[in-house]
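Q: Heads up: the protein sequence lines correspond to chains A and B, in order.
Quick note on my numbering: the first sequence kicks off at 84 and runs consecutively.
Quick note on my numbering: the second sequence kicks off at 2 and runs consecutively.
Hints in this document: simulated from the structure, not taken from any laboratory.
Treat the hints with caution; some may be incorrect.
[Said to hold, decoys possible] Rough simulated footprint, nothing fancy, chain A against chain B, three-plus residues with beta-carbon under 8 Å:
#	stretch
1	256-265
2	347-355
3	633-639
4	657-666
5	670-681
[Said to hold, decoys possible] In silico contact screen, one side only, chain B against chain A (beta carbon under 7 Å); selected entries:
#	residue
6	M62
7	G63
8	A155
9	G191
10	P195
11	L199
12	K202
13	A207
14	F209
15	D212
16	G402
17	R434
18	A627
19	A729
For glycine and all other residues, C-beta sits at the position ideal for the given N, C-alpha and C.
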Amino acid sequence: MTELSVNGKSRNTDADADTPLLWVLRDDLGLPGTKFGCGVGLCGACTVHIDGEAVRSCQVPLGEVGERKVSTIEALGEGGLHPVQAAWIAEQVPQCGYCQSGMIMAATALLKVNPKPSVAEIRAAITNICRCGTYPRIVAAIAHAGADLRESSQR
Amino acid sequence: MDSLSTVDRRSLLIGLGLGAGALVIGAAPASAQAGGSARFGAMLAVAVDGGVTIVCPSSEMGQGTQEALARIIAEELDCDWSRVIIRQPWADRAFINPVAKRQLTANSMTVTGYYPMLRRLGAAARAVLVDAAAARLQVPVGELTAARGQVRHAASNRALGYGELAAAASVLPLPADPPLKPATNFTLIGKRSPRKDLSAKVTGSAEFGIDVHEEGILIAALALGPHRHARVTASGIEAARTMPGVKAVAPVNGGFAVIATSFWRAKKAADSLKVTAVDSPIAGINDAKVAQAIAGAFDSVPAQPFPDVDITSTPQRFTPGNPEAVTKALAAAPHRLEAEYSVPYLAHAALEPLVCSARLKDGELLVRGPLQAPEASRDIAASLAGLPVEKVRVEMTFIGGGFGRKWSIDFVEVAVQAALAAPGHMVKTIWTREQDFAQDEFRPGFTARYTAGMAADDKLLAMDSRISGQSINQFHKRKGPPGQGDPSAAAMLVYGVYDFPDKLIRYHPADLSIPVGFWRSVTLSQNAFFAESMIDEVARAAKADPLAYRRAMLAKHPRGLAVLEKVAEMTGWSAKRAKGRGRGVALSYADNAWCAQVVEVSVKGKALTIERIACAFDCGLAIDPASVEAQMSGGIIFGLQAALWGEVHFADGAVSSANFSDYRMVTLADVPPIEVVLLQGSDRPGSVGESGVPGIAPALVNAIADAGGPRIRKLPIAAVLEIQEARA
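One chain only, chain B, in its complex shape (with noise of 0.2 Å):
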């Protein structure tokens, strides 16, 4: 049970620029207790001036949860929401997510992890201010009122501001099991107003962790070799000591950092050097090779099964698969279909490249950075320094892109390694484009292997899938469920929610070294693609409607049915097409959250025009709609890219994807129309950020094939099609 608790942290309340009498609370999910002292999660100061701080416990990379966790906690709370300012956290314990249990801002589990305590904070707070109204009043609580920071007794038309009342609040005990506000009474959550965060983002002024500084602040720029764990050595070492502005030049894992008075004297002298690996995992890497990786598992390496899951129940319901029956169905099917699809390993490519600042000083270590996991950077970082936890601290900047990048620690290492080369400064590594492409996490490349078997009348009674690519548990040495494959390359690689009865899912991890992590939808990233994929050839193969061949196995899950519903209706699918014409639609769904995508196209011989994608999502309970609306056209987008242009390329034992002239990205020029509506079938928030990224692969390829164009198994489509300016 979450814990709430008034604070009395005078470095704290120094520390937010708070004078004597602030009321502050802080929420502790149960398990970030310890020993009886009062500790604290998100947290929620009353200044006596009435102003608002809330320290949010997420990162903010652009998926609008700092507003979002700050707006849960201000509706409860209903003090004056132009009076409140939110605070970037730090790492902390008592920050932890209650679901994950960590730290961390990923998964599109932030909103619907803090929520439930969020709201409970937020209500007692707000319960004690008007206790102590009631006090000083001298009324029952139950005659007062409370709105936009005020308490109000209206029969004697009295009113106290949330300022006045701090003092006396914060020495009241908080009600363990305060009483929510009815969602018909919401003023902010489900509301429209421009987030707090955009002045600063329109005027320059807001801090990535690019823009880390302080007065003798010493910056390194990287020399680094094809591998993180590559052993290397450099020649022109001791030259490079010498030049202009060259402080240190340090061994970093994979490299060296060279650490100077400013960033362009620092890249000039580790331009200077020439890394050689002695070793690397990926020693002679290819494309060829990585290609035959892949392929050869289906055979080489034997396979890992992995359940069916219903995600949709709670708990989540794991069905293992039958092999037995699945090939006696397939067997007695009258009708089979078979299909080989591939996508490639695809790069984050966030603008602000890798980054991280940390300064050893006093026997104390500072780092600040753009971080998704400020817990295990912490961790990291003390180990690294040979610290105590408690004499690291961890602070986070806006993070310009995650995408699951700035999940990992991988350069939050590298940068307390640089600057444990130079202590009593602050230092600023930073990596170029090319070191962010060379050195990224990708998404592995993958390849899965279906067989449907349809009955007489073409409904699927089996469906046989097997897919073989990377496993990211194993490149970061992560334990997975056991006895079962890494859910990063198996799950939903044929969907849960579809209602046929055979369904197996097998997994043959390739045997490659390549990083990997998480990329923004990770699982669903490749699987929606082969999913939805195999079901539209199904369908087109026992000449059906495609989305009323999903729509007549999804009776048990009318949120999925309302979605594409709603898309057909957006689109006008049953509509005839025009020549040339064609849409194509594709279903996914995630924690409370489910998505449907069509996207309608022309191809005229090779050439392909996106004509418009229109997005029907429900997220149930949406706490900031338009920010949710941007994180669908804007996941939207990023699958998009992928699925057009998206391929990094190996060669000579590294990544040879160099800059955006190697990887293209989508501008302004490559975007159709994008039309998202947003439905509500759940009373509590669903998953966000990662929602509008699987569907738009799967759903284009489904529309070129619909226009008469070819049907496209192997990403990215520029391979096969010459893609047109967008339609404007």
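Next comes chain A alone, as it looks inside the complex (with noise of 0.2 Å):
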């Protein structure tokens, strides 16, 4: 039995060590909202935090999680919307959405560690894979939302 700590909470599972977080989020946590692509780490549908940092969770051994705390795209609002994901529908990126839980999750690492990142670096930090084309407005909600976070932390 492997304990980690998803979401702020303690949780146990059976899954063989090899077994890449994606997959024991998703088979044994309960948590759908991370995404499978294309399990080499390419696409970044199966992004989520870990120690604050976006991370491709098919690419991570359940065995090395270790300690380090994971928080996936359930958690993000805590209970609300987080401001990126406000950000995200009021530029109505998504279109079939299935690469968004990645996508957002990548920007809100982004925005955290840059708050206010140039198109040169929102280009070179966001290289997941959205096959419905949404980049554009992806760029213009980051801006968004990096705009609001920036204002609420100047409150």
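Take the two lone chains, each set in its own frame, and fit them into one complex as the hints suggest.
A: Set out below in structure tokens:
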């Protein structure tokens, strides 16, 4: 049995140690918001936060998580909507929506370290794949969310 | 004629969570009615608390049809839009698209197909609610108005909510032909507000096919051979059955399903099987053999003619080509131009891989998944399970990207086969990304050969066109129109809308058995590239402006002219280009829809930078303009991936493009500024979902030529030029 910290709670799983964290979240812990897209760390649909950093969870075996704190899209809004999620709705970003959990987790992690990213910095940081092509609105939503976050931190 | 009827189906009311006294109305196309009993299509229910539930008949894969169809109903209903909940449909003949006469979401015909019927549905519901209010208030109907879920009698300042009226309305006769709202009074159609499904999609709570779950669910992973019709054997099955969590190993089409308590355990066991193909329809296939088969078909396979189709007329007009006339015209033409173009096989690569769930329990089969074709899915599921169709329920989830792949039912078959091996349990079969590529139904590769004949003043006189590649109809054993080639290969190889006298289209089906299918925009995905490249080359050979050259042939099509003029205005088309800069234009059109795109590029040696993309699009009435714009820029990005990098490879009898490392996708850094402007040239909706895709490839290669770069006749572009990060 492996114990890990997910969304602020201690959770247990009897999954094998080589099970990617992605599948532990989805199959064992009832958290299907994090998605499977490629299994090789290229698409970013599986992005979660581990100790606040964006990580592609299909590349993290359960046995390597240890005591680090995992958080998923389900906990991002802490019961409401995170400003990034609100910006995503205001800018009408999603189409099919499948990539957006990972996209939002990546964007949130970026804004935490860089509250006012330039377009070049956004391009370097956000490499998730969106097959529907919502990229232009993602850029707008990151700018929108960044402004909201800076404003609320100034109050 | 469509028929509307109130519905009194208790199980439906319970299933929708509505209490007694709700007004439930369905609209069923005439072809769906059976023996006098009321059946219903798009379902509309008004509950006693005024909440409105709309069951949308179509699938939702990001193209926004669930929202659009709900808005059409709600517009006429005049309910409170904030009280509307949209529900996923299930497979039912009563949900069929009135134009397609099937329940499926494909071919950009959902909004266009359902539009008239759903307006009548909303209007009829509003009418009986007003009738009920008139009776309750004891006033004439003419003194009542309805808006935002309330019926008001202004003279006496009394109002009744739809919820209060639902029970009384539910026993009133529905009008057969209710009056519809004039477009000038629209408050939802054509307006901008965020879609209702956005909230679930940003919180991770939207249910996709891969998210299907219930207590006791088992997961199946697959071990597959090179082709769905390959006969295969596998070693290691007995050992796999003993691996942790494994419940069963069962044969499925082209391979084996390993059913276990979790995906990872199923996958580890599936990966331990060694699958060998005893025979395969693509044994020994490789890129060279594919190219040989396509090139060879021009000489070895007799040509099938394809008419010049005018899709802008209703009904569509078919003009057979006249080979003698074309040969004569070409022989007499003062100027001639010949060109050959090629495009490769393309993968769908939706971000949600193939997945589907099924459960056989107590003599009933439930199928639940990301399905574009629920009716066909239900039929094949019933057939595989040996059950009557009435014992099979097919439910849809959100689709994490369809693009035509999830129209096919091959993955439903496999999922049902897996579920039959573990009866009593829901079994969810998940394809890996590698399997999603390997088992795709590709957009076929094609080669097109043109000969154009021009007059002394360079006007086009004749165009002889031939195309070679696989027939989608042939692979799926579908009958096409008799006496002509497969439309998915040959249609619009020469654009019917360009006004010049002699056109000829002939199709040589290539003898290959690679699985092929409908890929977003289908025939135009390759034929717009071919046709709009050739027209561009003809124009340039005549030293004419390519946009003006097209304009001169479109006098009969003011909507085509309008989008061309608009995109020229958006990009300053006529302005001189700086050295190394170029602009290219392409026109495409579909049902009641016209699209003009201009791409601006810089070419420096082998380095290509895309500077900007402009798109003028006329789809008639845009139900949800923001969604239409998103479909256009998204379609452009989808087509851009194909133009720049799209190419599926074959080696050693199988698909060799394995994952995104082998099949490069467009990411954020590859997207230049994209500007979309909507025009409205018709009062009714036109095709949207696929319309952004066809124009980008030809506009891009035309721009590269304009910039002084090479004339690229073979995609993908990355084989010739080095793609730089796009302009920010």
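Q: A separate judgement is required for each hint: does it hold in the structure or not?
A: Structure-based check of each hint:
1. 256-265: Held - the stretch 256-265 of chain B has 3 residues with a Cβ nearer than 8 Å to chain A, which meets the minimum of three.
2. 347-355: Result for this restraint: holds, n = 5.
3. 633-639: Per the Cβ count (6), the hint holds.
4. 657-666: Result for this restraint: holds, n = 4.
5. 670-681: That given contact holds, which follows from 4 residues of the stretch 670-681 of chain B lying within Cβ reach (below 8 Å) of chain A.
6. M62: 5 Å, holds
7. G63: Given a least distance of 3 Å, the restraint on G63(B) holds.
8. A155: 36 Å, violated
9. G191: Since the shortest Cβ distance to chain A is 16 Å, the answer is violated.
10. P195: OK, holds: P195(B) within 7 Å of chain A, min 5 Å.
11. L199: 5 Å, holds
12. K202: Holds, about 3 Å.
13. A207: 5 Å, holds
14. F209: 6 Å, holds
15. D212: 4 Å, holds
16. G402: Holds. Min distance 5 Å.
17. R434: 4 Å, holds
18. A627: 6 Å, holds
19. A729: It holds, given that the least Cβ distance between A729(B) and chain A is near 5 Å, below 7 Å.
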